[in-house]
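Visitor: Position chain B against the provided structure of chain A, taking the given hints into account.
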Amino acid sequence: MSKLADELYRERLKRVTDAIELRVPDRVPVSTPFGYFPAKYCGILAHDAFYDYPKWKQAYKKTVIDYEPDMFRLVTNESGQVLEAVISKQTLWPGHGVPETSAQQFVEGEYMTADEYDMFLNNRADFIIRHYLPRVYGLFEPLANLPPLNTQTGVIPYHLLATPEFSNLLTTLVTASKQTMKWRAETGTFAAEMDELGYPSYGGFAGLAPFDMISDNFRGMRGAMLDMYRNPDKLLEACDILLQQQAQMIKALNIPGKTKIGFIPLHRGADGFMSGKQFETFYWPTLKQHINNVIDAGITPCVFFEGDYTSRLEYLLELPKGKVLGQFDSSDIVKVKDVLKNHMCIMGNVPPSLLQTGSTEDVKDYCKWLIDVVGKDGGFIMSPRSAIDEVKPENLKMMFDITKEYGVYN
Amino acid sequence: MSGELTKALADLQEDEAIKLVNQWLEDGKDPNEILVEARDGMETVGKRFGDGEYFLPELIFSAEIFKELTEILKPKMQGEVKQKKLGKVIVGTVAGDIHDIGKDIVVFMLDISGYEVTDLGVDVPPAKFVESIKETGASVVALSGFLTLAFDAMKETVEAISAAGLRDKVKIMIGGGQIDEEIRKHAGADAYGRDAMAGVTMAKEWI
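Each protein sequence line maps, in turn, to chains A and B. Start counting the first sequence at 1; every next residue gets the next number (this note's numbering). Start counting the second sequence at 1; every next residue gets the next number (this note's numbering).
Extracted from the complex, chain A is given alone in its bound form (with noise of 0.2 Å):
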């Protein structure tokens, strides 16, 4: 690391943890999620993230030395090779399902049927093998001709293994394996890469709030809403068994780059989708020992409240203080500020709107109306307050350069 870049690293982190630790510091820290917007920005395709990783880290470099943000959202991608060789359902990426110009989106289904719950509390091994793997992932199919996991006495099944489907299973699985570790040599390496550079990232995935995993994962939106109903004391149970396994996972993290910030997205919890009662019966508990959790393994959690949490702000007192990142989206940012001061960092919240069809002199208006009220005496870091792919090159450039110019404290 070079002087000047280990001299800009220090104070970029120092800014940011300033605010998240809520001190005030020098200026306003500015960050953003860059997303696709450097495929954007350099002329290169969504597709290259997942195809052409070289290719994708040179554009995103230069993105990011460009803007020089205090940090940035750093997200790696599967490679599409793998996601084609293990035929995953969940996902559709760009080239597969969506244009190689668009970002990658999640398919949400219900994977599990609400009569599997037994299965999934009960015998979880055998259900993830035998039945849900097989419905992700097209790849693991023959999964479901195996005999029940607990009828087996140690014998290996060389009769199914040598069938054709299983064979294929299990020569493009080593394939695939292989591939996703070259895959990660040469993506987990850009968060140390840029810390070098002098630039702190975050983005480490430190997992869902459990009802969210219920919901995305298994259940789907739907089922999962009408478990609340109908399988409410299972669903609840569900939720927990989900509690300990992400807390084993935690103990095992290994978050890329030195800011140790991880991320935890939430999807269904906002207002809008469920009730106060239900929010505090089935997402906030769990969600709550969670981020405790994440926080006890030495992890900063940086929370992307996405939609809005404006009625939910008083549960996120129950946080420890300074400890927590929120990333805020649609919420009112006033009331957030009102409620969170002097408890919770806020990031956000400028639109992508704004960014992508607005001119360059809206932006400005609105980066220093929220320096003015969200960023007063601290705890506040500007940054888009959503996905920013599509937004205008110069009115990315304005919200960091008014920051830098207007954000200063005295």
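No wet-lab data here; the hints were simulated from the structure. Fair warning: there could be bad hints in the mix.
When the alpha-carbon atoms are kept at most 30 Å apart in a straight line, the in silico DSSO-like pairs for lysine-lysine are as follows [what the hints assert, rightly or not]:
{"#": "1", "chain 1": "B", "residue 1": "Lys19", "chain 2": "A", "residue 2": "Lys234"}
{"#": "2", "chain 1": "A", "residue 1": "Lys341", "chain 2": "A", "residue 2": "Lys62"}
{"#": "3", "chain 1": "A", "residue 1": "Lys40", "chain 2": "B", "residue 2": "Lys128"}
Guide: This is chain B only, laid out in the frame that chain A set:
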């Protein structure tokens, strides 16, 4: 019939609602009238959603109960009595975006508010909206989108409707995720609605 079924459905009493329907069919009541009473229950659900008393779990559960009741009633019905509809609305998530939650809520709310809704689904290309306007003669189009790519997709959809010479035949509303007034201007739509209730209010004004 005394509104018992309306109440059971509105209060999401699944077992009670099914019991009532079976009982009434046994008693020889007209399945069409039973269905009307069930629909009234759905209307109450929509009203409670609008008032912030109900949320998505209640919409989903009520629709599930209603479906069960319809399945019991349908085989007993001698031709369904068509409800008089208030007007036609086309709803869809714009091209490139596969998110359906917001769109589905709007469809649900418009439907129980008495509109004839054509749901084009997700990732709907502009040409399909145009085609659907021609086919149905709908006077309102509702564009949904969650991702930021929807900003331009909405604009392109409105442009395609204009290019087909249909712009003055329809009112266009937009909504979803990151959509706001800024995007309404960008897309050239007539109105932006923050939630499904706003969508119903606009439809009422327009039709």
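Visitor: Would you pick out the hints that fail for this structure and give their numbers low to high?
Guide: 2
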